[in-house]
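Q: Now for the letters of each chain:
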Amino acid sequence: AQSVAQPEDQVNVAEGNPLTVKCTYSVSGNPYLFWYVQYPNRGLQFLLKYITGDNLVKGSYGFEAEFNKSQTSFHLKKPSALVSDSALYFCAVRAFSGAGSYQLTFGKGTKLSVIP
Amino acid sequence: DSGVTQTPKHLITATGQRVTLRCSPRSGDLSVYWYQQSLDQGLQFLIQYYNGEERAKGNILERFSAQQFPDLHSELNLSSLELGDSALYFCASSVGGGRGDTQYFGPGTRLTVL
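These protein sequence lines map, in sequence, to chains P and L. Heads up: the first sequence runs through residues 126 to 241, numbered per the working numbering. Heads up: the second sequence runs through residues 990 to 1103, numbered per the working numbering.
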């Protein structure tokens, strides 16, 4: 069965500094990986995904993520953090769950706080 | 705005009751997914429908059921409610049911069971 780990419950970063939110995964076969962001009292917003190809994936709002197969990681990054980036970030992996279906499995989430 | 709508936004009910949550997918999307988000369990996949047919089942309790109608909207029925069913319920939709398809989430329904 597939799984996703986000080792940090909370990440604090100063505004203007680079940020990294970590994610590691476990899946049989090739992973399809996703990042979502959730603002308070809102639904999840899609940021980016890795399907195949270039290991560096660029997404919305200046975010990017680096796929590393040997380390089974898919860390989310941004060169310069904004206060408005403060939110809950979820990493997810989609893998085969049987009978022709693919299930999206989420990590526990990482709360990002950007300090002015 | 993802284009996925969910009603109601909030629902307060008592233990033992039954409720129905409604979801309208983005225009053109054939797949609908239901998720439960709670503090202790995190985000859990419940069930997926594709063009009216059940496609995948996750951690959905027997007291819960769902369906997708010909106009592609979906309903999640929760019965014999317990305190532990209090959670945020999200609906998501995607164009197809493929592995690489992006799921777009609605704003959620917050269910409180008293």
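Bear in mind the hints are in silico, worked out from the structure with no lab data behind them. Just so it is clear, CB atoms sit at the ideal spot from N, CA and C, and this is done for glycine as well. There's no promise every hint is true.
Unchecked claim - A partial selection of chain P residues facing chain L, derived with a Cβ cut-off under 10 Å: (1) F159; (2) Y186; (3) F188; (4) A212; (5) F215; (6) G232; (7) V239.
Q: Each hint should be assessed against the structure and marked as holding or not.
A: Hint check:
{"no.": "1", "hint": "F159", "result": "holds (7 Å)"}
{"no.": "2", "hint": "Y186", "result": "violated (15 Å)"}
{"no.": "3", "hint": "F188", "result": "violated (15 Å)"}
{"no.": "4", "hint": "A212", "result": "violated (14 Å)"}
{"no.": "5", "hint": "F215", "result": "holds (7 Å)"}
{"no.": "6", "hint": "G232", "result": "holds (8 Å)"}
{"no.": "7", "hint": "V239", "result": "violated (23 Å)"}
Consistency with the previously given hints fails for numbers 2, 3, 4 and 7, ordered from lowest to highest.
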